[in-house]
Amino acid sequence: MMEFADSSEPVLLFAFWTGVAASALVIAIAVAILLLRYRLRAFTRRRAHFLAQWRPFLAVAIDAVPAHLPELPDEDTESFLILWNHLHQSLRGGVTENLNTIAVRLGIPERALEALTHGGTRERLLAIVTLGHLRERRAIMRLADLTDSPNMTLALYAAKALTRIDPAEAAKLLMPRIVEYRDWPPSLVSGVLAEAGPEAMSLALARCLREASAAELPRLSHLLRNIEPVVRSRVVRELHARGGLDTETIAQCLQALALPTDAELATEYGAHPSWQVRVHAATSLGRIGGREHLDVLRRLLTDPQWWVRYRAAQAIVQLSGLTGVSLDGFRDSLADRYARNMLDHVVAEGQHA
Amino acid sequence: MTLEQFVIAAQWIFLLFFVALNGGYLLLNLVSLRSLVRYMDVRGINLYQDMYTRLEPPVSILVPAYNEASTIAASLRALLQLNYSEFEIIVINDGSKDDTLGTLLKEFGFEPFPGACRVSLPTANVRGLYLSRHYPNLRLVDKENGGKADALNAGINAARYPLFCAVDADSILQRDSLQRIVKPVMDDPSVVACGGTIRIVNGCQVDGGYLVKTGLPRSLLVRFQLIEYLRAFLFGRLGWAPMNALLIISGAFGVFRKDAVIDVGGYRTDTVGEDMELIVRMHRLRRAAGKPCLITFVPDPICWTEAPESLRVLKTQRIRWQRGLSESLWMNRDLLFHKEGSAAGWIAFPFMLFFEWAAPLIEITGYVFTVLAYLFGFIALEVLAVFLFVALGLGLLLSVSALLLEEMSFHVYTCPGDTLKLFAAAVLENFGYRQLIALWRLRGLWQWFRRRRGGWGRMTRKGHWQQKEGG
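Protein chains in written order, with my numbering: chain A, 785 to 1137; chain B, 6 to 476.
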């Protein structure tokens, strides 16, 4: 029998030792899995014990803070903060002040400040949200530093905590960062600023938008919704007067229009070459327009782009309710079949809503 | 070249292939470990509500349905209870031959709706549009049969929102599944698609269409599939995401930017792997056009689906998957080493080609060659033993490394004995199951090569998990 490969062949040796290494790793991994499972069981038991004690306690204590509080060992700080922050997000009004009182008496601000500086990502995130709910002013400078973190999650949560603690200070600290950090998603930034409310942010945002370059406007124009309506209207008109706006900025401006006096601006964009702009013009007219704008909407109802016709039909239905115009009469006056179909579509949707 | 040299060279080739195949996946596991550690750092501290609530973009959930009369009502009721600020559900009846349409009309009070049709993507004839009297965000598209891809395209045509989520009719989600899968899209507007992790529901307890308790499947065959899912479909994919080289998002659950999908022509209807083909095509066309193409993945177990419990159904599935893989790669072969291809074209595509597409051929040839070489006396018994030892050892290493990652992250199966049972399954799957899968995949490869249109085959749905809900 010709045996071409025997145990001295390099290929055999390589295969054998590869198999041995793989087997050794399998055993090591099996041991690691068992250890992890053991640790998980211990953690789960501890967490269950914590919740069994603290959940009912906090459910009662948020109505009236008791004189004596249970001890909170360091190992249970994370569990406490998860539960505490969850309650803060779920509840409103005076009970959140009671939650804060409990936290202060347990020394949570100090623990959170410590975690902010020395903790890992998880500890810092919890600390950031906690300090925001506590409105802990001692954290302001450290939170401001964290808004420069390359970890976007940490940065945005830090920004939100700042707006909770001191909206005016947050406006000053955040505006330059909002302009500079292009990776901050506009929708999340808007959510952060909404925490402070339009009164605190309006002037700073208005200035930011006025000074924005053409390259920055498409991104920053998403923040128009965070400006209070009168100031917003002024900013939009100034941007419109500037001219040469890109499609995205115009769309955001149209979505931001809130005053009936701005309806003429929306009318002007009803004939824009971009259908994305015409869509928002139609939507705006439905929101802030009047009877005098029905003719513009009639024209948009015959637009070649489906979405423009759809939004125009929705706007017409909205305005008919406000202005008393008969929808049936309006429909019968339409010569275009597609326009009539679209109006029927939107009316049927409304009947099922 | 002498016969001896040929035998030894062949041994080297097969050995190096096994090492490279398993080594490649181990490397992916290591890459996924980094993403996983960062993800798990913030998971479970429940801060979603603090940042994302009220900012979520509206989503159209598309549910293609073909012959789903026994399960569609429960599935839709569960979807209607998702925790999400604004969404619509569009169920597409794809010319079902059973009473799917009748069930839908009866259970949800659907009424004909004079919809103004919008055709961004061509589809088979749409027979009617319906709105639900009871649920204003529920719509029905009734159409002639055209296949799953065609049904999804019809759903895209009817969708009103900028994002759509493709969901299989038998997928079981969690109440926050939509929140979790949309989060990457909110974090980065350049994300065009995001996939969800698919887990196996067999053995779990389901109530009201939602998972209430996890459990290991009783069937060893399904446990093997569970290990396989962890190894290849979870941690393997998670390794590709940081490189933006993910070439597949499961059709069972994934979210997409509607305009990005319409831009590339929607789902292709001439492939059985329409889910993978769409993603590969998005990479190919969007990268070539210089458009953003960030495709990512959420590792959380947020979608559960039934795995085949019989060999016959499993065989059909795996043959189809291999055909789908072959078609997807072939139809988009321009992505391979394309100058704009980036990691998707220069790393992921060649990896898929050698270690997924060609793997069954090389693997089976390796086994057969080694055994025949022994039987004909070209190699000694100890040589055969060593090669089998290394093949099994590497396969086992890959499986248990997936178990380790699972233990470090989601540890879905919490009963004390589950770990040992999974470990046992990870060992046993290397003795016959993996080889059988390789054989079926080889058949899928052959079918593709001969361009046979085998179709989907029939998935026999047991719906065990439905029994608690239906009584």
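You may find that some hints are simply not true.
The following residues of chain B were derived to be distant from chain A, with all beta-carbon distances above 12 Å [to be verified]: (1) N51; (2) R123; (3) R180; (4) T219; (5) S315.
Just the calculated beta-carbon pair ranges, DEER-fashion [what the hints assert, rightly or not]: (6) B/A294 to A/D858: 30 to 36 Å; (7) B/R180 to A/S1058: 35 to 41 Å; (8) A/S1058 to B/V217: 33 to 39 Å; (9) B/A294 to A/S1058: 15 to 21 Å; (10) B/R180 to A/L1118: 42 to 48 Å.
Hints listed in this document are in silico derivations from the structure and should not be mistaken for laboratory results.
For every residue, glycine included, the Cβ atom is placed at its ideal position computed from N, Cα and C.
So, going through the hints one by one against the coordinates:
no., hint, verdict
1, N51, "6 Å, violated"
2, R123, "4 Å, violated"
3, R180, "16 Å, holds"
4, T219, "14 Å, holds"
5, S315, "30 Å, holds"
6, B/A294 to A/D858: 30 to 36 Å, "55 Å, violated"
7, B/R180 to A/S1058: 35 to 41 Å, "39 Å, holds"
8, A/S1058 to B/V217: 33 to 39 Å, "49 Å, violated"
9, B/A294 to A/S1058: 15 to 21 Å, "19 Å, holds"
10, B/R180 to A/L1118: 42 to 48 Å, "44 Å, holds"
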